[in-house]
Amino acid sequence: MAKPTISTDWLAGCAGCEMSLLDIDERIVKVAELVEIRSTPITDLKEPDLNGVDVGILTGAVNNTTNQEVAHRMRSRCKTLVALGDCAVFGGVVAMRNFFKLDDALRRAYVEAESNDGESKVPSSPELARPVEVRALGEEVKVDVNVPGCPPDADVIFYVLSELAQGRKPVLKGDTLQWQ
Amino acid sequence: MGTKKITIEPVTRIEGHAKVTIHLKEDGDVERAYLHINEFRGFEKFCEGRMYFELPSIMPRICGICPVSHHLASAKTCDQLVGAEPPRPASLLRELMHMGQIVQSHGMHFFELAGPDLLLGFDANPATRNVVGLIQANPALALKAVALRKFGQEIIKTLGGRKVHPSFAVPGGVNKALRPAERDGILAGLKDAMLTTRLGIDLIKDWTTRNRQDVERFAVFPSGYFGLTTPQGSLELYQGECRLVDRQGNLLEQFPASRYLDYIAEHVEDWSYLKFPYYKKMGFPQGAYRVGPLGRLNVADQIDTPEAHAEFKIFKGLNGGRPVEHTLYYHYARLIETLFALERIEILLNDPDILSTDIVNTKKTMQREAVGVIEAPRGTLFHHYRINENGQVEKVNLIVSTGHNNWAMNMAVDSVARTYISGQRVHEGLLNRVEAAVRAYDPCLSCSTHALGQMPILIDIVDSSGTTVETLRRD
Ligand code: SF4
Chain S
-1 MAKPTISTDW LAGCAGCEMS LLDIDERIVK VAELVEIRST PITDLKEPDL NGVDVGILTG
59 AVNNTTNQEV AHRMRSRCKT LVALGDCAVF GGVVAMRNFF KLDDALRRAY VEAESNDGES
119 KVPSSPELAR PVEVRALGEE VKVDVNVPGC PPDADVIFYV LSELAQGRKP VLKGDTLQWQ
Chain X
386 MGTKKITIEP VTRIEGHAKV TIHLKEDGDV ERAYLHINEF RGFEKFCEGR MYFELPSIMP
446 RICGICPVSH HLASAKTCDQ LVGAEPPRPA SLLRELMHMG QIVQSHGMHF FELAGPDLLL
506 GFDANPATRN VVGLIQANPA LALKAVALRK FGQEIIKTLG GRKVHPSFAV PGGVNKALRP
566 AERDGILAGL KDAMLTTRLG IDLIKDWTTR NRQDVERFAV FPSGYFGLTT PQGSLELYQG
626 ECRLVDRQGN LLEQFPASRY LDYIAEHVED WSYLKFPYYK KMGFPQGAYR VGPLGRLNVA
686 DQIDTPEAHA EFKIFKGLNG GRPVEHTLYY HYARLIETLF ALERIEILLN DPDILSTDIV
746 NTKKTMQREA VGVIEAPRGT LFHHYRINEN GQVEKVNLIV STGHNNWAMN MAVDSVARTY
806 ISGQRVHEGL LNRVEAAVRA YDPCLSCSTH ALGQMPILID IVDSSGTTVE TLRRD
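Protein chains in written order, with our numbering: chain S, -1 to 178; chain X, 386 to 860.
The hints are simulated quantities; they were obtained by calculation from the structure and are not laboratory data. The model shown is predicted, which means the values in this text are computed figures rather than measured ones. Hints should not be assumed to be uniformly reliable.
[Unchecked claim] Label pairs and their in silico Cβ distance ranges: (1) GLN671(X) x VAL109(S): 21 to 27 Å; (2) LEU646(X) x PHE98(S): 43 to 49 Å; (3) GLN617(X) x TRP177(S): 14 to 20 Å; (4) HIS70(S) x GLN598(X): 51 to 57 Å; (5) MET751(X) x PRO124(S): 43 to 49 Å; (6) HIS70(S) x LYS698(X): 53 to 59 Å; (7) GLU31(S) x ARG417(X): 43 to 49 Å; (8) LYS698(X) x ARG166(S): 36 to 42 Å; (9) GLU161(S) x ASP587(X): 48 to 54 Å.
[Said to hold, decoys possible] Okay, derived cross-link-like pairs now, PhoX-like style, lysine-lysine, Cα gap no bigger than 25 Å in a straight line: (10) LYS28(S) x LYS542(X); (11) LYS590(X) x LYS542(X); (12) LYS171(S) x LYS542(X); (13) LYS119(S) x LYS665(X).
Beta carbons: idealized from backbone N, C-alpha and C, even for Gly.
Kindly generate the complete structure, drawing on both the sequences and the hints.
Set out below in structure tokens:
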């Protein structure tokens, strides 16, 4: 039987969830035996395969128009979608920005910051994504598995990957359900 | 044929979201290439109104690769806000944690992110040009690399309870002392970590010798250099004075971090969410400089630990005594620093104060404003807070490591695109070289886009009317 394929990508977050994934250490060899790793931020394929992958994993919150595109593309190209980490599960620290007006946040960073020179304005080139109100992944697309934690512990991530690799839907409870 | 634009998106094997656009002239030669950092999160704004002591927990969420740098820069700023200098053992323990992070971050970058280009080749199949491909090609080496990163992460966990987003530093000190068994546990892993770092140094020296031509034409350009040093001018990663040298290596400025606004300003370009810091007196872009491993070794006069200093002397000779301008030597500089961090870990663990329980100063004389600084793996990191009479944050200003290298990364992308690409001749391996130019700086785009941000790479080909005629992605 062909190995299940996995793609991952990051939305607005801090890459801490990816670091926690790497903290499975030597067990990465085991994961590479069980699944075929396709597009991820640390491999050079840029997107999930057009004909789909078995598992899609997204970290980070939906924070701009590019995040929205990436989230929808992953959803449409994977069978099981995992929201990994607090940012993806409920918006996390990123969602703290929703307490402020987006324009005020942009102005603070690009116009008012003490170190800015006099000519500053908010970047708006069409090359750039537009920020949007921060949402959890599940508010943007349908999520099949939520894995909370900031970041989730490496052991929890390894458990989730092992279950998915064997075609099971991971159930977090007891030791594997952690909020830290 | 009209002019074209090539887009690489996302740039992979870097941290965060970026894209590169390469604009081509009618004849297919490169007109200009840009690195766009494509995300903004807004930490400066949403920290307003929080209590100052929450910031050492919130700020690390800027970046999960160097959370310790943000945690410590934030705590150092808070030390000053409460007016409590940490006792010596607390400073030693904080530095120990920071060295653990340097080892894990630098080690991961060399072997797991840049390694596939260097060890498998820029033109290797993109489907396997990654850490899994490395595990298949050389499992023994890959496992050593995993163990090196783990060694650094375990130090962080030993002190702060977890590997990512630890909780350890508090205003005025740290919240946990080191136990003898924990110290011995770290010491036991030191030898293997040294051997793996040495192996990396042999690999990069061998690679740069065999690829001399590439090294000499791959994004080599002059700039200023910036980093912390000890008062005697030695390499310093935890605390020191800011030093800025010009392209010839002449000292331009030496100043305490608290005065950063007198020397550094930031420029904004419409096409990137990442700002461009520069030396104020020279203006932008003349005053642009580089930070991180290459910048730090270029500003330092010596290294105070023997093994790293021996390599440092070789490094200093690479460009005839002038600052080293070669982007690809970032990798060598990064490993010399890893060696230094490991030597520091040994010195710190053997310090008689390291097991002391005098770890926090609880005295308080509140101040309203403070600046904290640290050398994060990718460069100098400034945190600047102002609080009100209730201890609530009024203003936050941040200059993050990768930001200082924004101009340089753009120069590197432009330079590599000009050297290797013409419209008649674009293939995946060449585009990968453009990405490798970004990768050498080990950018941390999460850090960079704390304001709002993300960074992948994509190549669009646009005609002279601005219409995209082709988009190259590697899938
Ligand atoms: S959940 Fe936490 S660790 Fe994961 S991306 Fe968000 S802030 Fe980073």
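Now the hints, each set against the structure:
As the Cβ distance of GLN671(X) to VAL109(S) is approximately 23 Å, the hint placing it in 21 to 27 Å holds. Our hint of 43 to 49 Å for LEU646(X) and PHE98(S) is violated, since their Cβ atoms are close to 24 Å apart. Separated by about 47 Å at the C-beta atoms, GLN617(X) and TRP177(S) break the suggested range of 14 to 20 Å. Judged by the Cβ atoms, the range 51 to 57 Å given for HIS70(S) and GLN598(X) is violated: they are separated by roughly 44 Å.
One distance hint, 43 to 49 Å for the beta-carbon pair MET751(X) and PRO124(S), holds here, with the actual separation near 47 Å. A hinted range of 53 to 59 Å for the beta carbons of HIS70(S) and LYS698(X) is consistent with their spacing of about 54 Å. Between GLU31(S) and ARG417(X) the CB atoms are about 45 Å apart, so this pair conforms to the stated range of 43 to 49 Å. LYS698(X) and ARG166(S) have their C-beta atoms about 57 Å apart, which leaves the hinted 36 to 42 Å range violated.
Checked against the hint of 48 to 54 Å, the pair GLU161(S) and ASP587(X) fails, with Cβ atoms roughly 41 Å apart. In summary, the hint linking LYS28(S) to LYS542(X) is supported, as the alpha carbons are separated by about 23 Å, within the 25 Å threshold. Between LYS590(X) and LYS542(X), the direct Cα distance comes to roughly 32 Å. Violation of the 25 Å bound is thereby established for this hinted pair. A hinted pair counts as satisfied when its Cα atoms are at most 25 Å apart, and LYS171(S) with LYS542(X) qualifies at roughly 24 Å.
A C-alpha spacing of about 18 Å is found between LYS119(S) and LYS665(X), which places the hinted pair at or below 25 Å, so the restraint holds.
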